[in-house]
Each structure stands twice: as C-alpha cells, then as structure tokens.
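Engineer: Between the sequences and the hints, there should be enough to build the whole structure, so can you do that?
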Amino acid sequence: MLGADQLLLADADPDARVWLRGVVAGRFGLDEVDTGAAALERLAAGDTRIVIVGRRLADMAGEELLARAAPYLSERRTPTAPVAPVTFLLADRTGETPEVDDREIPVFYRLVRGMDPKRVGELVAQAAARLPPLPPRDPDPALAALVAEHAQVIGAQAEPDAAARTAIAAVIQLVGADRARCLYCDEESGLIWSGAEAPDADAADAPVSSGLAGFAVRAVAGVVVPHAADDALYRAAIDNPGGTGRERLAAQPVAGPDGHVHALLIALRDETRPPFSRGDLDKLEALASAPSDIFRQEAIMHLMRRGQRGDVVRVHPGWIRAAYWLVLAALSAALIYAALAHVHQYAEGAAVVRFTGRSELIAHEAGTIASLDAARGQKVERGQVLARLHDLEQVGQLKALETEFESKLVAYLQSPADPAVKQALGQIRSQRDSARLGVESRTIRAPHAGVVKEVLVRDGQRVEPGTVVLSIVQDQAAEGLKVIAFLPGGERPRLRAHQALRLTFPGYRGAHLDSEVRAISDVLGAAEARVRFLGDRLGDSLPLTGTVVVVEARLASPAFEADGETFQLHDGMIGLAEVRMQSRSLLESLIPGLH
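Residue numbers (our numbering): 1374 to 1968.
Calculated directly from the structure, the hints in this document are not laboratory data. Quick reminder that beta carbons are idealized off the backbone N, C-alpha and C, glycines included. Do not take every clue at face value.
[Unchecked claim] Derived DEER-like restraints, expressed as beta-carbon distance ranges:
id: 1; residue 1: Gly-1468; residue 2: Gly-1898; range: 41 to 51 Å
id: 2; residue 1: Asp-1936; residue 2: Ser-1914; range: 48 to 58 Å
id: 3; residue 1: Gly-1756; residue 2: Ser-1956; range: 31 to 41 Å
id: 4; residue 1: Met-1488; residue 2: Ala-1529; range: 48 to 58 Å
id: 5; residue 1: Asp-1489; residue 2: Gly-1908; range: 53 to 63 Å
id: 6; residue 1: Gly-1945; residue 2: Glu-1738; range: 47 to 57 Å
id: 7; residue 1: Val-1700; residue 2: Ser-1914; range: 21 to 31 Å
[What the hints assert, rightly or not] With a straight-line Cα cutoff of 20 Å, these simulated SDA-like cross-link-like pairs (lysine to any residue) come out:
id: 8; residue 1: Lys-1781; residue 2: Asp-1764
id: 9; residue 1: Lys-1826; residue 2: Ala-1696
id: 10; residue 1: Lys-1772; residue 2: Gly-1730
id: 11; residue 1: Lys-1855; residue 2: His-1737
id: 12; residue 1: Lys-1795; residue 2: Lys-1826
id: 13; residue 1: Lys-1826; residue 2: Gly-1730
id: 14; residue 1: Lys-1826; residue 2: Thr-1840
id: 15; residue 1: Lys-1855; residue 2: Arg-1831
id: 16; residue 1: Lys-1491; residue 2: Arg-1476
Structural biologist: What follows is the structure, given as structure tokens:
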C-alpha cells in the first residue's frame, strides 16, 4: 500500500508474524524482520513510524534490541528521526513481553495474541493518528520511467502466456530476484495457476484459499517473508514449486479497476542474499498498478477456455501447395538440426573442496583442550608442543608412581637378592612407563617442521578420539587443492579418468571451475563414504543417501570469479559437481536404435 503507515515487526516467531499480518492486512504495510540487526538498520533509516518488538529475535533478546534502539524510540528526537516511532510490545506464547523502562521508551500498548484482531487494529489506528501526517512522497522519475517501459512491453503482448513471461522478466529486473512467477487468479472459481511456460506451468490449478499466494490475493496486500518455509501459511506446491523453502519471498497481487485480483507476482531470492525490503515491495506494487488492465477478467476467461474445440479451419486451395512445401522445409530443417545438435549427459552430485599436502593432527584420547600453544600461520619445529589436553589426573598418577618406584628401587638396592622385592620393582616400573605414555598421549606435538595452517578447536573445548585439532604443512609449495565429488552409485560403469568435471558454488552466480577426473572409487554406502573421505569435521555437511561413487579432481587455481569479483577457495567449501558422461546427437537420443 503505497503511502500508508508502515509497521515494523521485529520478532523471530513465525506464528506471531502470521497473526499480525492477518490483523493489519489491507490497512497498514507490514515490514517483517527476524533479527535485531535488521530492525536497527530500519530504525536508523528514519522511515519507521510504528514498531512492534517481540520477546525473542534470531540474534538477540527483545530487551537487548530495545536497549540498543533507545536513541530511536525515546522521546528525545534525533536529526534523522525528528519524531519518535510509536512502540508496541508483543507477548510470546507464555504471555511475557520484553522488559523495558516506560520512562525511557514510552510503550503505547502490550499486545497478546489472544486479543480480538479488531481491537488490535483500532489500537494501531489510534497510534498512527497520534503521528504527524506522512509527507508527500516524491515519485522517483527513474523508477516511474522503468515501470512505464515494462508496462508498455507487457501491454504489447497479445497472449496471456506471453504477458506473464514478460511480467516475470520485469519483476526479476526491478527487485533483483533470482526467480519470479506470475500466477493468474479467478476469484469466481477460487483457483490460481501459473501463467508462463515454466517448470511449474503444468502444475494443477491450486485453490486461492491457502498458501502465502492465497493470503496476498484475499488480503489484496503485498507480503514479504524472510524465509518462505518458516511462515505457517507457506505451501510449497502453491508458493514455490521445486524450491527448498529457505528462499526469500515477496508476493504482490495485481488488482483491476473493479477491485478484483486477476494476477499475482511472486519474487524469489536465494537464502544467501538479503531479504526483500519495503522498497522492493513498493517497486512490485508500482509495477502491479501500472499494467493492471492487462490482466483483465476477459483475458483470464480466454486462458481458461483455451482447451475448447472450435470450428473446422477452412483453407483456401491456393494456399495448400505453399503450406505443403513450408511444412516439408520445416521437417527437413528439424531433421538436420536433430542430426547435428548434440545432447550431453551429466552425472551430478555434491562436492567439497579440500587442501592437499597438509598433515592433520588428531586427538588420541577424549578430553578438554587445556592450552593451544600454536596459532595459525606460526612456524613450528618437529616435536614442538602444539596443544595439550587436561592431564591433571594423569600427571598426579605419574608422580605417585614415580615416588613409589623410587621407594621400591631403594628397597631393591638394599635387598637385591630378594625375589619379591625384584618382582615388585618390575611391576611398578611397568605401571610408571604406562602412566608416562598416558601423559604423553594427551600432548599433541608437531610430527615435522612446518607452518600451522588451521586451528580447528578452542581452549576449553571437549574433543573425542579422532577429532582434528589442527593442521600443518611442511612445504607450502607442495600444497594444492582438490575437489571430492559424490555422484550416484549407479553412474560408476560410465565413469572413467580424464572426463570433464565442472564445479559450481551455490550463491555465486556464474562462478565455475573446470577440471578433469583423476581418481574414481568403488561404489560405497553413504555412511562409509562420509567416514573415509570427509571425516568427523565435514561428515554431516553433505546430505548423502543411498550408494555413491567418489571421484577426485585437481583444481589449478585457488580462487574463482563471480559477478566481477575474485574470491579465494577455502578448505571445506561445499559445491555442486557435474561430470560429463557422454554426448549423443539429438536424433540418437530420440531414436535409441541409431546409437
């Protein structure tokens, strides 16, 4: 709702966001954040007029957020916010609200989720009435021109499917989305469906009574969700088919002059990118307001009836010969294309980047790290102590055994011929030597001279036998990088050395590294593959199931480029590997007997 008062909700509870969204839908705009850092950023911008703070956020408690936001929420004005926002507190499931001094930060009301939504709406309306009127918003000429350009392109489309594809491209450009969807809506039948030839275009029609898409249609208001699956209203089959559920989501209905919603625009971003802001939703609303007459009810009805049978096509005899040769030429061109064009088949699986040439030092016994005597980048000598486990009990036992050994030795020197004294001395010597080995096993030393590359534990951390404590490299010139890829076990017969391998990284658009397969394992179970190739540190980082075959490849460069920037590779980075198995012509793929 352009020009309406915006409510900032700072709460990590998804149920609280759903409840408040239903209360204010159609009357106020709602900017939802689940971290205190994001809330402080919004408050610092000076555009927030009403703020609602919950008990807990993802990175801090509500009390901490209020304390840090006091310069923005108190009655004392700041140059960036001459009028302090009105503050509400929202109780958690137990009815408890954040503790705050009302003299420092005036609290308008403490909300609980059992309240009548009508009363909550009245409270918010009264709070908004106390604020000075919103200043007129100067239109952004660049944005207005860009929206008008997109609206003109959408309006030039003759078919609803083409209009939907053009609208998707406009949404991606306007808000920087990774993906977008355009859903058509028929409020009379209560159905929504995809309006573009996308992977979800053939999905069955969905009811408008569920999902975030249905909420946006019924409330006739935009919705912004930090993580789609965290919202109780989220329905993957409707809101984001084929997605992971962790994407950032923004939905904006497109209503016609009659007030009925005829289409819905959905923008999606990867979870590694920032969530959609109120400014992004304003851009979507501006786009939805410009071409609303394009998605009119007549176009929707045409799309619904496109499967109805029409009259027989009557072609003039003069066109029959030309049409015959045109079809023949098209078939010939298609046959030539199918014979020359090639289709590549790939094996795809999760991959992890590992450094080579490093020595990993592990803990041989369970215990707590008592001291770390080396830091990353430090040069060490062979035998130098790098870390120690708590060994007070072992040292005490060793001292007691050494004292007892000395007393037994004195007794033996006094009575060397006594066999009982000699036997007792031998037993205590054996116990003392075992105790020394126990103390030494709790000390981690450098096996050779080199440089410490990674320290993977901290003081006071509990470690188990086999836990990697740190790694050192003897010769930095011999250090390299390799990628370990876990491919489906059924692809083993088609894998061979020197096949092309491409490594990509989620969240880095356009980034890839090319290499070739150097080593191939036998078919392994997922659990065995984790133990043999990942170890305890990375064992749970990859979702492996069933049987896998592990391939290794060398990486020539320690860096990669994405979006014009150069990034360094790090040990343990997760990516996606593709190995090209074979290449066939399109004709061979369509007719297997030709292969």
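Engineer: Next, verify each hint and record whether it holds.
Structural biologist: Here's how the hints hold up against the structure:
Look at Gly-1468 against Gly-1898: about 50 Å separates their beta carbons, and that is inside 41 to 51 Å. In this structure the supplied range 48 to 58 Å is violated for Asp-1936 paired with Ser-1914, their Cβ-Cβ distance being about 25 Å. Here the CB-CB span from Gly-1756 to Ser-1956 is close to 55 Å, at odds with the stated 31 to 41 Å. For Met-1488 paired with Ala-1529, a C-beta distance near 49 Å keeps the hint of 48 to 58 Å intact.
Checked against the given bound of 53 to 63 Å, the beta carbons of Asp-1489 and Gly-1908, roughly 57 Å apart, stay inside it. The given range of 47 to 57 Å is broken by Gly-1945 and Glu-1738, whose C-beta atoms sit roughly 25 Å from each other. Checking the proposed 21 to 31 Å range against Val-1700 and Ser-1914 shows it is violated: the Cβ atoms sit about 55 Å from each other. Note on Lys-1781 and Asp-1764: the hinted pairing is violated, with a Cα-Cα distance of about 25 Å set against a maximum of 20 Å.
Restraint check: the Cα-Cα separation between Lys-1826 and Ala-1696 comes to about 72 Å, which exceeds 20 Å; the hinted pair is violated. With a C-alpha separation of about 40 Å, the suggested pair Lys-1772 and Gly-1730 falls outside the 20 Å cut-off, and the hint is violated. In summary, the hint linking Lys-1855 to His-1737 is not supported, as the alpha carbons are separated by about 27 Å, beyond the 20 Å threshold. Taken as a hint, the Lys-1795 and Lys-1826 pair is broken in the structure, with Cα atoms around 50 Å apart against an allowance of 20 Å.
Under the criterion of a C-alpha separation no larger than 20 Å, the hint pairing Lys-1826 with Gly-1730 is consistent with the structure, at around 11 Å. Our distance criterion of 20 Å between C-alpha atoms is met by Lys-1826 and Thr-1840, whose separation comes to about 16 Å. Between Lys-1855 and Arg-1831 the alpha-carbon distance is near 27 Å, which puts this suggested pair outside the 20 Å criterion. Of the pairs offered as hints, the one joining Lys-1491 and Arg-1476 is violated, with about 28 Å between alpha carbons and a cut-off of 20 Å exceeded.
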